Amino acid sequence: MGLFILEFAVAPLLTTSLGDFGSSFIFLPIWALATVMILLIKHHNLTPRMGIVRLRLTRQVRLFRLSIALLIALVFFFITGTLALMEMNASIVLRTIFMVAMALIIFSVAAHVLQQNRLFLYGCMVALAPILGEWLWVNLGVVHHGYPLTFGIACLTIITTGITKFILFLKRYTIPVEGME
Amino acid sequence: MTDEPMVDHPLQQLTDIDQVIHAPARLMILSYRYVVESADYVFVMRTTGLTWGNLATHLNKLEEEGYVEVQKMHKGKKPHSILRMTEKGRSAFRSYKKMLKQVLDDLPE
Numbered sequence: 000m001g002l003f004i005l006e007f008a009v010a011p012l013l014t015t016s017l018g019d020f021g022s023s024f025i026f027l028p029i030w031a032l033a034t035v036m037i038l039l040i041k042h043h044n045l046t047p048r049m050g051i052v053r054l055r056l057t058r059q060v061r062l063f064r065l066s067i068a069l070l071i072a073l074v075f076f077f078i079t080g081t082l083a084l085m086e087m088n089a090s091i092v093l094r095t096i097f098m099v100a101m102a103l104i105i106f107s108v109a110a111h112v113l114q115q116n117r118l119f120l121y122g123c124m125v126a127l128a129p130i131l132g133e134w135l136w137v138n139l140g141v142v143h144h145g146y147p148l149t150f151g152i153a154c155l156t157i158i159t160t161g162i163t164k165f166i167l168f169l170k171r172y173t174i175p176v177e178g179m180e
Numbered sequence: 000m001t002d003e004p005m006v007d008h009p010l011q012q013l014t015d016i017d018q019v020i021h022a023p024a025r026l027m028i029l030s031y032r033y034v035v036e037s038a039d040y041v042f043v044m045r046t047t048g049l050t051w052g053n054l055a056t057h058l059n060k061l062e063e064e065g066y067v068e069v070q071k072m073h074k075g076k077k078p079h080s081i082l083r084m085t086e087k088g089r090s091a092f093r094s095y096k097k098m099l100k101q102v103l104d105d106l107p108e
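Chains E and A, in that order, are what the protein sequence lines are.
Okay, so the first sequence: first residue is 0 according to numbering that gives the first Met the number 0, each after it adds one.
Okay, so the second sequence: first residue is 0 according to numbering that gives the first Met the number 0, each after it adds one.
Simulated from the structure, these hints should not be mistaken for laboratory data.
Computed from a predicted model, the values in this text were never measured in an experiment.
The reader is advised that the hints may include incorrect statements.
To be verified - Keeping only pairs whose Cα atoms sit at most 30 angstroms apart, straight-line, the calculated DSSO-like set for lysine-lysine is:
1) A:K77 with E:K41
2) A:K74 with E:K164
3) E:K170 with A:K77
What the hints assert, rightly or not - So, partial list: chain A residues that the calculated Cβ filter (under 8 angstroms) puts toward chain E:
4) S37
5) M44
6) R45
7) L49
8) W51
9) P78
10) H79
Virtual Cβ for every residue (Gly too), placed ideally from N, Cα, C.
Chain A on its own, in the form it takes in the complex (with noise of 0.2 angstroms):
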């Protein structure tokens, strides 16, 4: 009788989390991105304190899921490339702040 999980309880929700987004390092590249139209990659490394390696692997990861699009160009004989949130990261990201803030504000004090 114990073992009969609770029905409905908010904090269920939480295992439908976009694992995705979840992860640190990605959630703050979304957030940022999420505010504004493109940003270079000198941009979002200063502004999240990530190094290159780490970057490149979470925006590898948001890269494939979709979420964003990375144009790469080169600025004289350097490389430079500006990021973008697509229409489904975005879609994405309303629909993960909506459910952590619905159960975040279900939670009592």
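Just chain E, same shape as in the assembly (with noise of 0.2 angstroms):
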């Protein structure tokens, strides 16, 4: 996720020397590496300390039924928001309060979703950078609308705590070998 919101940051200074679609572009294989690392933490560090739970079909579907609800709802709305922008024409703060709408819903339905606190807050940042941005382009002059300094606090700030979290998790819970104490 911080590495998703670096993109914000650091894309917005690339684009003199990549362009608009060279300076996302690059972020792919980045998110790449880390999705495979994420794999690779799972299966070598995160299921040997917890263990392996199986939910009942029930349950799976359940939880299948709710998640694709919620995505179906989430586009939906994001697509007839952006639509309904576009057709109404509407003003740079209208558009700016859509967008902060749609991070602060999303984080929120993930908190609630992962029971994980923390999540409210990230949306509340991530909401915020481009208005904070805004006003410190304005009053003080912040190349690129002041986003690499509000984006880049958001996501070092993800990143910092994920690292300590996991640090922290692995200090506490050593592998556990069956049978010995």
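Please dock the two separately framed chains into a single complex, following the hints provided.
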């Protein structure tokens, strides 16, 4: 998640040298690498420490249905909201409010479903980043609408929190061997 | 006259409660297992907070009673056991839950 937000912080700085497409495209291999790392960490560090559990089929089906329903609702609101704004020829203020609301909704849903309260805080940071960025740009002349600073702080907070929590987890839980106290 | 038992008092049902399930550690193990299909020993240990020794004792008791089945395997050179609640175990746990709920619900505030 932190690496995803990193794009909003770094891409504006790269647009002059790589162009709009290239500055975003360069993040694809970084995200791919992050995904592989997450899978490897899950296999080698999380599962041996916490064990394996398989949910009952009824519960799996219920969770799957809930995820699909949430995804459809979010995509529907995102598309209809974007189309409505385009149709209305909405002002930049209205567009910003829409994007802020979307960020808050997505992070709040994730926080509620995953029961991770810190995602609410992340949502607020990401939602406030464009507003604060614009303010910094207008009032203090910070480059690229202040995005490198505001999104940079948000992504650094998310990445640092994640790494810290992971190290604490590794320290707290050693890999147990069945039958060995 | 005072020695006569109270006939049909709801609390008397507690004498028939399943003692195998009623022990706190086993109740904890079965409560976690009731909502999942299967889990390995590490997960059971983490969720219950029991030591391997305690866990083995209680699982033996549950296995003897036919409430759980254990599939022993190896992951590399390390032992890796998977625990499943049997249909008999699920049925016993449902009856236990129903009985306890009924007895407690019948108690006045």
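Restraint check, 8 angstroms cut-off on beta carbons, for M44 of chain A near chain E: holds, 7 angstroms
Satisfaction of hint between K41 of chain E and K77 of chain A, Cα-Cα up to 30 angstroms: holds, 19 angstroms
Straight-line alpha-carbon gap K170 of chain E to K77 of chain A, limit 30 angstroms: Between K170 of chain E and K77 of chain A the Cα gap is close to 22 angstroms, so the pair holds against 30 angstroms.
Hint check: 8 angstroms Cβ-Cβ cutoff, R45 of chain A to chain E: OK, holds: R45 of chain A within 8 angstroms of chain E, min 6 angstroms.
Hint check, P78 of chain A versus chain E [nearest Cβ-Cβ separation less than 8 angstroms]: holds, 5 angstroms
Supplied contact hint for W51 of chain A, tested at 8 angstroms Cβ to chain E: holds, 5 angstroms
Given hint S37 of chain A near chain E, where the shortest CB pair must fall under 8 angstroms: holds, 5 angstroms
Hint consistency between K74 of chain A and K164 of chain E [alpha-carbon to alpha-carbon, up to 30 angstroms]: holds, 28 angstroms
Supplied contact hint for H79 of chain A, tested at 8 angstroms Cβ to chain E: With a minimum Cβ separation of about 7 angstroms from chain E (threshold 8 angstroms), the hint on H79 of chain A holds.
Chain E contact restraint on L49 of chain A - CB to CB distance below 8 angstroms: violated, 11 angstroms
Hint 7 from the list above is the single one not met by this structure.
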